[in-house]
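Using the sequences and the accompanying hints, generate a full structural model.
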Amino acid sequence: MKTDVQIAQEAKMKPITDIAHDLGIQEDELELYGKYKAKVSLDVFKRLENKPDGKLVLVTAINPTPAGEGKTTTNIGLSMGLNKIGKKTITALREPSLGPCFGVKGGAAGGGYAQVVPMEDINLHFTGDIHAITTAHNLMAALLDNHIHQGNSLNIDTRRIVWRRVLDMNDRALRNTVVGLGNRGDGVPRQDGFDITVASEIMAILCLATSMEDLKARIGDMIVAYNMDNEPVTAKDLEATGALTLLLKDAIKPNLVQTLENTAAFIHGGPFANIAHGCNSVMATKLALKLADYVVTEAGFGADLGAEKFFDIKCRFAELKPDCAVIVATARALKNHGGVPKANLNTENLEALEIGFGNLEKHIENVQKFGVPVVVAINKFPTDSEAELKLIFDKCQALGAEVVLSDVWANGGDGGAEMAKKVVDTIEKKPSNFKPLYDVELSIVEKIEKIATEVYGADGVEFTKSCENQIKNIEKLGLDKMPICMAKTQYSLSDDPTLLARPKGFKVVVREIRISAGAKFLVALTGDIMTMPGLPKVPAANHMDITEDGEIVGLF
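Start counting the sequence shown at 3; every next residue gets the next number (the numbering used here).
It is possible that part of the hints are untrue.
No more than 27 Å apart at the CA atoms, straight line, and that leaves these computed lysine-lysine pairs for DSS-like [what the hints assert, rightly or not]:
1) K423 x K292
2) K53 x K86
3) K437 x K397
4) K467 x K522
5) K452 x K483
6) K218 x K431
7) K48 x K251
8) K522 x K437
9) K90 x K423
10) K478 x K53
11) K323 x K90
12) K48 x K292
Read the hints as simulated data drawn from the structure, not as lab findings.
This is the structure:
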């Protein structure tokens, strides 16, 4: 059996200029990065601003398991399937982070015969967007420390600097550091640390900005520290706005590539969904909606994280109205949620499947809360029994959700044609009545409680004493009327990764709330979630190589 990278290397890609031409993008609106990658100029927005939008489809999933669900693969396969049935379609995805690429997950460009290409480039440096964000973020850190070293005219409290440095790598040794050691000219010593770049507020801002001016305004609003009078110090106060925006002048432009079957793909922005808002850029999604009949986008991890943030943060800010949501699941993953270990998932087990289905059931209910029609896509495996598939189908239909088998990993667009027909039929028959879950004017506590009880199924929320003090400070600053971005484990509906399926009788513990004033949301950290992951005992990087003739092996 061929590996994903072997399949990708055999792809018959079209020149990206041809892909752009088919979409109606003009030659002078395209900035080439070689033969198969390009950025699209922001000028295209002005030309198309009066064109009606296409239909927007969100692909989400159950809580991920070691069995794998295939959300990105399904997204890509669905977009190819829609093109197969005559619908002009674009897929809109996030850019992979190098951290998980070299860590546990490996590459993140789909799989089998449902991939985006050039796969190696997309998974590695791509067009340099994440590097630009890393540089802009660390320039802010350098300007902040330099200001303190040069006399600290803003009277910054060095114990209350909230702007950590970033690196697009999993590196636990950098979680807690000390900077400024050495001679007097080496800066002011203080505690610091690193987050992974995709957790940077600048990444969130880039993905939520609607224009260059909006990007600049949001960057200026970022709170990087507090002064001795407990007042926030912003990037604007440090006169950093212009330089930071300048470093992002190319990164803000959406990246255009293609799938194995030459379906257009915008891959732009890459915030994590367990520690950030987990969606590709507003700019890429809105551009795709002007160029296509259907846009298939995704939100990270399970619907409790990615989909909730897509609806409550991205759609709220961008004024998007999703027409349908596809929830991806597999019989194997549901059995894993039902207590079956990975080694035994090939054996029929209806009892475990019944228990594990509770996870899918909750996600269906959650998406329906937002007024969005649901299609459940069951990724097909050869070991799935007829009885298992029937159980899933019957239970989904009883919940008012459409359900369809997906075989895109093995058969690409042909394997997604039935799914595509189901999505189109659902959109035509069931109009979306989308609305966010909560009003931003609610208090911080009320918003978090609404997410925890209604989306996660918690009995309530507990706030640590320090968190309660943070909430009071946020309210004093007048920054409490913003959406909430929950930072929570992806593996469970709860904040405990060991509670699988549909846990009950638990409370969510919020230990910290961070202000992302530029992104215009508040980040609530729960459980033991970390903003700088570590590498596993055997990193994926250990199995990667490049041959003398340039062939990449082991990437995925």
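Each hint tested on the structure:
no. : hint        : verdict
1   : K423 x K292 : holds, 22 Å
2   : K53 x K86   : holds, 24 Å
3   : K437 x K397 : holds, 26 Å
4   : K467 x K522 : holds, 24 Å
5   : K452 x K483 : holds, 15 Å
6   : K218 x K431 : violated, 42 Å
7   : K48 x K251  : holds, 17 Å
8   : K522 x K437 : holds, 19 Å
9   : K90 x K423  : holds, 13 Å
10  : K478 x K53  : violated, 43 Å
11  : K323 x K90  : holds, 19 Å
12  : K48 x K292  : holds, 11 Å
Comparing the model with each earlier hint shows violations of hints 6 and 10; every other hint is respected.
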